[in-house]
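In order, the protein sequence lines correspond to chains A and B. The first sequence maps to residues 72 to 225 in our numbering. The second sequence maps to residues 163 to 406 in our numbering.
What the hints contain is simulated information worked out from the structure, not anything from laboratory work. Some hints here could point you the wrong way.
Said to hold, decoys possible - Reference excerpt, derived from the structure (chain B facing chain A, CB under 10 angstroms, subset only):
#	residue
1	311
2	312
3	399
To be verified - Simulated pairs of lysine-lysine, BS3-like, Cα-Cα distance not exceeding 27 angstroms:
#	chain 1	residue 1	chain 2	residue 2
4	A	209	A	127
5	B	287	A	209
6	B	365	A	127
7	A	130	B	375
8	B	236	A	142
9	A	209	B	375
10	B	365	B	375
11	A	127	B	355
12	B	365	A	133
13	B	365	A	124
14	A	133	B	375
15	A	142	A	183
16	B	287	A	133
17	A	130	B	287
18	B	355	B	365
19	A	183	A	171
20	A	130	B	365
21	B	355	A	124
22	B	287	B	355
23	B	375	A	142
None of these values were measured; they are calculated from a predicted model. Heads up, the beta-carbon is just placed ideally off N, CA and C, and yes, glycines get one too.
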Amino acid sequence: MPSIANCSIPDDLFYHVENNTWLRDCGNDVFELGMTDIAQSLAGAVIHCRIKKAGKGVKEGKSLATVESGKWVGPVKAPFACEIVERNEAVEQDASLLNKSPYERGWIARIKPADPAAARASLLDAASAVPGFEEYMKQHGITECTHCEGCDLP
Amino acid sequence: MSTDPRKLPIHADARHADVPLEEKQRLFDEVVADTRYHDTLYGCYECGICVAACPSARFYDFSPRVFAQTLARKDVHGFYELLVDSVWDCSQCFSCTRCPRQNSPGGLITIMREVAVNNGLQSAKDALAAYSRVIYKVMSTGTQVSPDMLQPDFFPDWGPDVQAVSDNLETWRRAIPTETLHTLELAWDVSEKTRVELFLIWKLTGNFDMIEKIDESSYLILEEIMEELLEEHGYDFDDIESII
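Just need the whole structure built from these sequences, with the hints factored in.
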């Protein structure tokens, strides 16, 4: 698994660097989406995550969830126009999953792109995303990722 | 030599020389055009009472008197320096309103901050970056300091106590009178009717549009929260003005 300054970037996922999100191809044109390790480090301890309901359409760049941490609030942006197929109720109940398990139990929503082919083409694999994330971290002054107690990342 | 007072050699060492004079003048004029301006500045004879009363002056390289003097002199270069720096050092306590000339340096600063925000100045973005949660809470609920803001990340200067408080928030909250209904995400319970009225006020007064230039992420979230609730109540979010 590629890693930058203690930040995990799993090989089996796709990434949207600007939005700081990852996507997992679940088949049938459905993608699971969540915040990267870098995003959860930047946010700090997350206390609320409000996700739009299943069936909602979201335009590219618009918010599909709101994440609130102790020191920050921000949107989780849709990487492409999509419909929310399912939201992670466990994260709605316990938003600290975004810190504890950003790539597994902390997935935020399953989404279906309006144009699956264009959506796939817009995403980067882990190796291609690393330079972009390095630049992102430099811009935001992140020297390393931090993991809370009980985090499932190495 | 130019006779324009704004181009005198005294300004040769003014910072932000890269910013055109016209831009500084435009921002200055925007401050002066504010309807509150002429009730906040009557001229300054440098008695220093405002500085003596000012808590920020004790801790920062900051002086409310400089604001009154600079604006009274129409020193556009000095004004711009204040606008992109010292304007954010004021605590807005208005201790300075004890001025014997009835000036209100704090009032001038209020106007200048609004101009900085309305023009999306980088200094305003930097100054407000740490307040995204406050902006979100105030604009989405009308309450600001909610119990769940007591987090170690937000108050590191409080030491280990804040961790203990945030771990047992619900218990601590129950020690406070029941009028608040023991809310955690809000300072007190806010009805849907109040939120609808609040959102209409933000939209109609232009306060919501101010956020777009200063904090795009908060704007994005608030836009969707407001749009959803207002449309549920029969308002067309993109044509709110029509209700007037």
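Practice problem: Tell me, in ascending order, the numbers of any earlier hints that this structure violates. | Solution: Violated hints: 3, 4, 8, 15, 22; rest satisfied.
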